[in-house]
Every structure is written in structure tokens, then in C-alpha cells.
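Here the protein sequences come in this chain order: B and D.
Counting in the working numbering, the first sequence runs from 1 upward without gaps.
Counting in the working numbering, the second sequence runs from 771 upward without gaps.
Don't take each hint at face value.
Stated by the list, open to error - List time: in silico BS3-like cross-link candidates among lysine-lysine, alpha-carbon distance up to 27 Å:
| id | chain 1 | residue 1 | chain 2 | residue 2 |
| --- | --- | --- | --- | --- |
| 1 | D | K773 | B | K531 |
| 2 | B | K595 | B | K723 |
| 3 | D | K773 | B | K180 |
| 4 | B | K568 | B | K531 |
None of these hints come from the bench; they were simulated from the model.
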Amino acid sequence: MTTDNITFSVIVSTLDRANSLATLLHSLEHQSYPYFEVIVVVGPTQDNTLEILRKYDSRIKVVHCPTANLSQSRNIGLLAARGDVVAFIDDDAIPCHRWLEQLARLFQNSSLDATGGAVYTIHPNHSTIQHRLGIASCLAEQVDVLPSRIDSLMILGRGTQWLERMMGTNMAFRREPLIKVGGFDEFYQYIAEETDLVFRMINAGMEVHPVKEAVVYHVPASSRNRTVFTHQGRWWLRSRSRIYFAIKNGKAAGEPARAIIWQSLRALGAHGLWYIRLVRARQLSLSRFFYLAAMEIVNGIDAAWHGLFTSRQLLNSKLIDNEPYPQSIHQYQNAQSHFQPSIDPINGNSSSIVLSTPPLRICLLSNTYPPLQYDGIGRHTSLLARGLFELGHTVHVITHGDRERVVFYDGAFVHQIPYALSRYERYKGMVNLYHALNRSHAIYNQVRRLILNDGIQVVDSPLWLFEGLVTAISGLLPVVVHLQTGLRQTSEINHDSNLTLDLMGEMEKMLLERAAFLIPNTFSTVAAIQKAYNILLTPERYRVVPHGIIPVGDEAIRSCDPRRISDKWTILYVGRLEKRKGINDLFQAIPQVLKQVPQARFVIAGADNSYHDGFQTETGMDYPTYFARHYSAYQSHVTFLGSVSDEKLADLYQSCDLFVAPSRYESFGLIYLEAMNYAKPVVGCRTGGVPEVVDDGVTGRLVEPGTPSALAAAIVSLLNSPKQLREMGLAGRQRLLERFTYTQMARQFAEIYQKVIADFNACAKDPTEV
Amino acid sequence: MPKVTPQDILADIEFELMQGVIASDELGRGVVALRQYQNKIRNEIFKTAQLSSTQRDILNRQFRLNDMLITLIQEMVLVIQATQQDIRRIRGVAESPILSTPKPCTAAGSEQYDIGDSLLKEIDSAIKPDALWVDIPPYYNSLPLIGWFITRLRMFLHRLAAFYVHRLADKQSPINRTFADALLTLVQLCREQQAQIATLETTVALLQAQQPSSTENAHNAHRH
Chain B
1 MTTDNITFSV IVSTLDRANS LATLLHSLEH QSYPYFEVIV VVGPTQDNTL
51 EILRKYDSRI KVVHCPTANL SQSRNIGLLA ARGDVVAFID DDAIPCHRWL
101 EQLARLFQNS SLDATGGAVY TIHPNHSTIQ HRLGIASCLA EQVDVLPSRI
151 DSLMILGRGT QWLERMMGTN MAFRREPLIK VGGFDEFYQY IAEETDLVFR
201 MINAGMEVHP VKEAVVYHVP ASSRNRTVFT HQGRWWLRSR SRIYFAIKNG
251 KAAGEPARAI IWQSLRALGA HGLWYIRLVR ARQLSLSRFF YLAAMEIVNG
301 IDAAWHGLFT SRQLLNSKLI DNEPYPQSIH QYQNAQSHFQ PSIDPINGNS
351 SSIVLSTPPL RICLLSNTYP PLQYDGIGRH TSLLARGLFE LGHTVHVITH
401 GDRERVVFYD GAFVHQIPYA LSRYERYKGM VNLYHALNRS HAIYNQVRRL
451 ILNDGIQVVD SPLWLFEGLV TAISGLLPVV VHLQTGLRQT SEINHDSNLT
501 LDLMGEMEKM LLERAAFLIP NTFSTVAAIQ KAYNILLTPE RYRVVPHGII
551 PVGDEAIRSC DPRRISDKWT ILYVGRLEKR KGINDLFQAI PQVLKQVPQA
601 RFVIAGADNS YHDGFQTETG MDYPTYFARH YSAYQSHVTF LGSVSDEKLA
651 DLYQSCDLFV APSRYESFGL IYLEAMNYAK PVVGCRTGGV PEVVDDGVTG
701 RLVEPGTPSA LAAAIVSLLN SPKQLREMGL AGRQRLLERF TYTQMARQFA
751 EIYQKVIADF NACAKDPTEV
Chain D
771 MPKVTPQDIL ADIEFELMQG VIASDELGRG VVALRQYQNK IRNEIFKTAQ
821 LSSTQRDILN RQFRLNDMLI TLIQEMVLVI QATQQDIRRI RGVAESPILS
871 TPKPCTAAGS EQYDIGDSLL KEIDSAIKPD ALWVDIPPYY NSLPLIGWFI
921 TRLRMFLHRL AAFYVHRLAD KQSPINRTFA DALLTLVQLC REQQAQIATL
971 ETTVALLQAQ QPSSTENAHN AHRH
């Protein structure tokens with residue numbers, strides 16, 4: 001680190017948001033830059049804020065602000081600060097891992113007086129880029145997010161003087177110049193105080209230069225001034241600040257009086273119209289409307305009076321604690337700081353595991369990911385992320401989205417990024433390859449940003465669509481590839497072959513060769529990959545880690561009664577209706593089963609894929625129609641449900657007696673695990689990774705793929721023995737708990753990441769290595 | 771679609787990575803240095819010089835203007851990226867096997883690689899100075915009362931824009947002329963080379979025609 005001579009005072013103003021504050025203080029333990037103190041300025045609090053602060057003992061300077069005034073609170077923090085630079089962050093935000101490190105690099109430029117970075121709102125239901133390269137005019141007009149700096153050069157409103165501004169939750173100032181310009185104007189109780197300060201600094205000839213990175217993640221919390229994500233709030237404080245700002249800075253910039261008046265009336269009018277809309281939508285009572293209107297007018301007049309006729313004495317706050325502070329900072333972080341587990345910024349949860357090494361910072365790639373629609377890889381990645389988070393690690397996921405945003409979802413920062421088709425024009429004719437390459441490049445760019453902001457150490461990519469290829473080629477970070485079914489294997493199974501698919505297969509092969517380490521889900525996958533890609537995977541290059549799922553609670557288990565003499569047996573099939581999943585074999589087996597067990601009933605859940613697997617071309621109909629036509633006598637025993645929700649699926653697993661999935665190929669077969677989760681015996685095929693999941697004769701039965709008679713015989717034999725159904729089901733559940741939970745999976749992945757990171761760092765430090 | 775190999779794609783990926791490095795590192799560093807210099811000067815002036823408030827205001831505005839210009843330069847990275855995009859396209863065309871593989875010469879006669887007289891005429895007409903001039907389209911607004919005003923205002927703005935466009939066109943014309951001259955010279959050179967190739971091919975064909983009889987003569991002599 002080259003910036004260790006700059007010290008920071010991180011100032012947090014807080015009022016009745018104890019939980020958010022605790023989360024922030026926890027996250028500050030992880031800062032990569034250690035030379036900082038933390039000053040918490042507590043307003044007239046009524047919650048358990050002080051109790052939380054006591055836990056930090058002498059590591060934090062706690063000072064008090066007598067009023068609920070943000071500007072005054074910030075000034076008090078400034079007076080208590082001893083760092084070269086004061087950095088402000090809100091109590092309902094958390095900084096990225098390298099926040100202070102980046103700010104320190106910027107302040108290495110001795111001319112820079114103030115800067116700030118981007119702010120992302122990461123609440124799952126309200127995620128957005130809240131601030132990035134924002135600008136404001138002397139008439140309090142503002143644009144918060146700009147794609148580039150050049151956009152700030154255009155005049156976007158009535159004001160003639162426009163400046164780049166920072167957002168209060170992510171801004172830093174050199175301490176001396178900030179004191180010199182008088183700190184924050186305490187007339188602003190809330191809103192616009194930071195912009196006012198920037199105007200004063202710029203007009204005093206100081207250098208203010210906000211940046212696009214140095215990210216802060218914001219989880220807006222309710223306060224006395226507003227109930228978050230609702231219309232409830234003391235909104236008159238906004239118009240009060242805006243009117244005062246427009247008059248004060250408009251006058252200084254030489255704006256004509258009519259522009260200032262217009263802008264002030266506009267601030268009031270906009271709120272007025274909003275209130276009227278709320279009244280019409282019955283979200284605001286009439287009495288509340290009149291109260292708000294009166295407050296707007298009174299505060300507007302007050303703001304105008306102060307803006308026109310008073311000259312404010314700035315930085316007039318006094319430290320009321322009278323504590324003799326030392327002249328240097330008292331570093332916040334201690335020996336244990338770097339061993340603190342990662343924290344969930346939404347609800348403040350963190351792992352209770354005591355870590356012996358610092359938590360890892362991992363980046364997972366997945367084309368789809370919750371909370372948006374997701375596929376098998378998205379589901380696996382989500383479980384892995386959750387498991388890693390529970391082990392204390394910080395997880396970032398890069399996934400596709402229609403616009404750029406960051407969401408914290410189930411243990412991971414999910415970076416949804418769109419990709420532009422701006423590169424690899426040469427392959428425009430090969431649409432899939434063209435998209436995959438551009439996407440891989442967009443991921444690489446995001447990885448660079450995550451290195452800069454969040455200090456990620458390793459990238460984990462699926463083989464499918466070679467998402468991590470460009471990153472792997474760049475050599476920026478080690479790329480671990482987890483192996484499931486590859487595109488080339490799918491092409492071979494579906495007998496698809498064309499130049500694009502061949503090349504995409506070659507790209508997957510290239511990713512296999514460039515990967516720092518490989519994580520196949522079964523030994524069968526290793527063999528299949530070696531065969532499909534004509535590549536030799538030596539044992540030191542991979543480690544098999546099976547998939548894991550979330551075990552359901554024991555109360556959800558309904559295993560079969562061994563003395564049961566049932567008049568109805570339910571056999572469940574889950575999966576897409578397609579050739580590879582062996583649906584045709586099941587169709588042929590059903591009549592044979594029903595001849596011997598007429599009370600059996602088959603439930604088939606999954607979307608029809610007859611169009612894509614060529615079945616419709618061959619027969620002219622989809623699978624359910626085909627069954628209805630060719631097996632009409634058995635139609636009453638079979639129910640096709642189509643695609644079902646997760647909740648419905650859980651019900652189906654719970655209520656079935658036997659699970660059957662005669663896939664002709666599965667690299668792993670998560671569906672068997674899901675059935676085992678509910679203590680159900682399974683019938684599958686001896687193919688791919690299935691024998692590594694299903695213990696034949698112990699947790700279910702396996703037959704040769706494509707043998708409907710053997711399949712029927714296995715089903716019948718199990719249905720005829722309720723005792724066996726129960727025993728196999730319970731054995732399956734036990735096997736799952738021992739080997740296939742998501743935490744076990746995550747633990748093994750983390751061990752691999754640790755080793756890969758250590759190897760990569762060793763190579764990077766060794767100049768003899770290429 | 772021409773035959774593409776995985777090595778082509780790898781080369782393209784490495785090329786794209788390299789492009790990114792140039793934009794972010796080299797240019798970025800220069801602009802940062804410029805900004806630092808400006809900050810240094812600003813500091814020196816504001817800290818040392820005794821300035822009246824008017825002078826301070828003027829200087830401040832000038833520095834802000836400079837800031838904006840530096841910002842503009844920073845954003846020139848975008849332009850560079852656009853240029854890089856062009857380079858990608860050109861590179862794509864140049865490396866396309868169809869275009870980069872030379873056609874084999876056949877003994878039957880040389881194919882004429884000529885860009886054609888019609889294209890030359892088009893280039894010639896395109897580089898005339900007035901080709902870059904912009905016509906002002908007629909425009910009438912039929913709104914009552916203010917229509918005439920909008921029409922006049924719009925025509926005025928058009929003329930104003932056209933005035934500057936024409937000045938730019940005057941400056942651009944000689945540049946275009948230079949390019950066209952170079953192009954014509956190359957075409958001329960190409961034609962000469964083609965003529966030489968044709969002559970050489972004729973000579974080769976004549977020599978090949980003579981070769982069997984001379985071989986036959988040598989064979990007869992050997993018999994004797």
C-alpha cells in the first residue's frame with residue numbers, strides 16, 4: 001500500500017437507526033485501508049444506539065448532537081476529527097471493501113480538496129444506481145446519475161452555474177479546507193447541505209472532483225424525516241432546503257431574481273401537486289393535506305427570509321462532550337477485524353462461525369440468478385452463494401440484467417449488468433457466439449470494477465457459455481470453472497452440429513485449459529468432459545464436489561407407512577418433458593406398471609420441450625397429446641401438471657410415494673436429491689452422475705437407460721413393498737444430510753478457492769513465474 | 771461466413787483486451803497529469819496572489835472552464851473507443867479469409883483487379899468542395915400568429931448552422947483532395963502492375979509452349 005501516510009476520520013451521523021449503524025460498524029472492520037478512525041455523532045436518540053456503541057469501547061469516538069440536524073451533526077463530527085481527510089457515510093449504508101483505499105489514492109493528489117463516489121441502492125425491491133457523477137445547479141436543480149462526465153457539461157435546467165456534486169452518504173474532504181470554508185451550513189436540517197458546501201468550496205477556488213467508483217452500498221432506512229419507500233415524511237424540509245439553497249447560491253451566482261423566484265415556487269408547487277395526487281389516490285387524508293400545505297408555506301417563508309436577509313455564521317457548533325481528544329487518530333480496526341465474517345447489509349445478519357483466516361471475497365458468474373428468473377446453474381450458484389455467506393465469506397455474483405444495478409439477495413451482492421454488442425463484430429453472423437463473446441467481455445469489465453471496489457480475489461465460472469473466458473485469458477484473477485453439462489455434450493445428445501456450436505464448444509475447451517482449477521460435480525462428469533472435449537484432466541487439476549441443496553426440516557418429512565395397504569400409490573416425475581429426460585421410456589413403462597398395480601397414479605410435473613427436442617417435428621404433437629392419443633386407456637391414471645412453482649413442487653415431493661426420473665443422461669441429477677430430501681425412494685437410470693447420487697438398492701433403484709420394461713419392474717417391485725419404500729426413503733434422506741447439503745458443498749468450494757488464491761498470489765509474487 | 775478457427779477468436783479476445791488497456795492507462799495517465807498541473811497552478815494563484823473579488827471570480831470561472839475542457843478530453847476516450855471500433859471492423863475485414871487470401875493467378879489469363887472508372891468518377895465528384903455543402907430545406911410552419919416567427923427562427927438557425935458547416939467543409943476539402951490524389955496514384959500503380967503481370971504471364975505461357983518441343987529434341991538427341 002502506497003497511501004499509508006493519509007489518515008481518515010470516518011464520520012457517521014446517526015439517529016435512532018441502531019440496527020443499520022451496527023451493520024455499518026461491522027462492515028467497516030473489513031476496510032482494506034487501516035489508517036482510519038470512526039466518529040459516531042449521535043443525535044437525540046431514543047433507541048439502543050448507545051448500547052451498541054458501548055460494545056466498541058474505545059475504538060470509536062462517540063460525540064453527541066443536541067438536535068436532529070444533519071448539518072450540525074456533521075459539523076460536530078468534523079470538530080472531533082483528527083484525520084487528514086474526513087469521509088462521511090450514512091448509518092444506513094456500507095462501503096465497498098476498498099472504499100478508503102481508493103479515496104486515499106485520490107487524495108494523494110495534493111490539490112484535491114474533496115471527492116466522492118457512486119452510491120447504489122441495493123434493497124431487493126428498490127435497487128437502483130442512486131448517485132453517480134451527479135450534478136447540481138445554483139438553483140438547486142440536480143441530476144443524480146449520469147452515464148459519463150461529458151453529460152455534465154450540458155446545461156440541463158434554468159440555472160447557469162452547474163457543478164459536480166457528491167452524495168452525502170459517500171463524500172470525503174480534506175479536513176483543513178473544509179474547516180476553512182466553514183463546514184456545513186446548519187440551516188439545512190436535511191438535504192442539500194453537501195451541495196451547498198461544494199458550491200462554497202468551488203467558489204473559494206478549491207478542487208472538487210467526484211469519481212465513478214469508490215462505491216457505497218445504500219440500504220435506505222426510515223428516520224424521523226421519512227418512512228422509507230412510502231409517501232410518509234417531513235417533505236417540507238426538502239422544499240425548505242431547496243428554496244434556501246436557490247436564493248443563497250442563485251444570488252451568489254448572479255442569477256436574476258425571477259429565476260430564483262420561479263425555482264422556489266416550483267419547489268413548493270411540485271410538492272403541492274404530489275400531495276394532491278396522494279389525496280386523490282386516497283393515500284393522504286384531507287386534514288393531513290392541509291397540515292402539510294401549511295408546513296410547506298411556513299417553511300418556505302422561513303427559508304426565503306433566511307436566504308435573503310441573514311448571513312449565517314458557519315461552523316458554530318461546539319463539541320458538547322468536552323473530551324480532550326488526542327491530536328492523532330485512534331485506529332478503528334484491531335487484530336480481530338479482518339477475521340470478522342461478512343454481514344448481510346439488509347437485515348444485519350452474519351455468520352456465527354469464528355473464522356481462523358480472513359473471509360474470502362469471491363465472485364461467482366451465472367447468466368441467470370434470483371430474484372430474476374433463473375435456471376439450473378442460477379439455482380446452484382444461488383445455493384453456493386448462500387453457503388459461502390453462511391461460512392462468513394463475501395460473495396459477489398455477476399449476472400445478466402436489463403439495466404445496471406446491484407441487489408443484495410440471499411447472502412450475495414448480485415450485480416445485474418446488461419451487455420452491449422460492441423465487440424467481436426466479425427462473428428455477427430454466428431449469433432450465439434457473438435452474444436457469448438460480448439457477454440464474456442462485459443463480465444470481464446465488471447470483474448475489473450469489482451477488483452477496484454470490492455477487492456474480489458477469485459472468479460468462479462460455469463463451463464456453460466464460457467462466461468469467464470475473457471477474464472481467464474486476461475490473467476487478472478484466477479478463474480475456477482465448475483463443471484456440469486457442457487454445450488458440446490448437449491449438442492451431441494441432441495445431435496445438433498453446426499459451425500457456431502463447434503466453435504462455442506472450442507471456446508469451452510479453451511476455458512477448461514485456461515482455468516486455474518476445475519470443480520466437476522461427479523466423476524462421471526470428468527469422464528464425459530474428457531471424452532467430449534478430447535482433453536486430459538489430471539487429478540491435480542480438479543476436485544469433485546457434488547451439488548448440495550437446502551435440507552428441509554424433519555417436520556416436512558412424510559415417509560411411507562410400512563404397514564400401508566394403499567388404494568392409491570402416487571409416482572412422481574419431475575423434469576422437462578424431453579427425450580434426454582427419458583419421458584418416452586416412462587410412457588412405455590406406465591401401462592406395464594398399471595397392469596400389475598392398477599391403483600398407481602402418475603403425476604408428471606415439468607414443461608413440455610417437444611418443440612426443441614424435435615419430438616413435434618417427428619410426431620406433430622407435444623408429449624401430453626401424444627400420451628393421450630397413444631395411451632388413451634391409461635389417461636385417467638396420469639396427470640400432466642406442466643411447469644409448477646417451488647411451493648407446489650415441495651407439496652408434490654411431500655405427497656408422493658415414489659419418485660421416478662428415467663433420464664438417459666444426467667451429469668448429476670438434482671431432482672433425485674430433492675426427492676431424497678423428502679425421504680422418498682427414487683428410481684433412475686444407471687447413467688452419468690446418477691449412480692454417484694443414488695445408492696442402488698439402498699436409496700432407490702437404478703436401471704439401464706432406455707429400458708422401459710426394467711423401469712416398470714423396478715417401480716412395481718418397490719410399490720409392492722411399502723417397508724422397502726420407507727427404508728429406502730429414510731436412507732436417501734440420511735445420505736443427503738451426510739453428503740449433499742449446500743453448506744457441505746460451499747465448504748469444499750471455499751477450500752478450493754483458498755488454495756487457488758494462495759497459488760495465484762504466490763505466482764504473482766514470484767518474478768520468475770510467467 | 772468464412773472459416774473461423776478458435777485461434778482467430780483467441781486472437782480477437784487478446785486484441786480486445788489490449789484495446790482496453792490502451793484507453794484506460796495511457797490516455798488516462800496523461801489527462802490526470804494535466805489535471806494535476808492545473809490544480810497546482812490554481813493553488814499557487816489563489817494562495818499567493820492578492821486578488822480582488824472580481825479578479826478571483828474571473829479566474830475561478832476560467833479554471834472551471836479549463837476543468838470542463840479537461841473533462842472533455844477525458845471523454846475523448848469515448849471517441850478513441852469509437853476509433854477502436856473502426857479498427858476492429860477494418861481488422862475484421864482485413865483478416866477475413868475471403869478478402870485476405872489472394873486469388874491464385876491462372877495461366878488462362880490475369881483477372882483485372884480494377885476498382886473501375888465509375889467509382890473513380892464518384893470519388894472525383896465527391897471531393898469537390900461544394901459536395902460537402904449543406905442545402906437548407908424549405909420549411910413553413912402553418913401555425914396561426916406565430917407560424918411566420920417559427921419559420922423565420924428555424925431558417926435563421928439553419929443558416930447559422932450551415933454557415934459553420936460550410937466553413938468546415940472548406941477546410942475539409944483539401945484534405946479530401948489529398949486522399950483522392952493518393953488513391954488515384956495507387957490505382958494508377960495498380961494498373962501498371964497489372965499490365966506488367968499480364969506481360970509476364972504471356973511470356974510464361976510462350977515459354978511453356980516452347981518447352982515440350984525442346985524436351986522432345988533433347989530426347990531425340992539422346993537416342994542418337
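Now the hints, each set against the structure:
Between the alpha carbons of K773 of chain D and K531 of chain B the distance comes to roughly 25 Å, so the proposed pair stays at or under 27 Å and holds. A distance of roughly 22 Å separates the Cα atoms of K595 of chain B and K723 of chain B; the hinted pair therefore holds under the 27 Å criterion. Taking the CA atoms of K773 of chain D and K180 of chain B, the gap is near 67 Å; set against the 27 Å cutoff, the hint is violated. Distance hint between K568 of chain B and K531 of chain B is unfulfilled; the C-alpha atoms sit about 45 Å from each other, more than 27 Å.
Comparing the model with each earlier hint shows violations of hints 3, 4; every other hint is respected.
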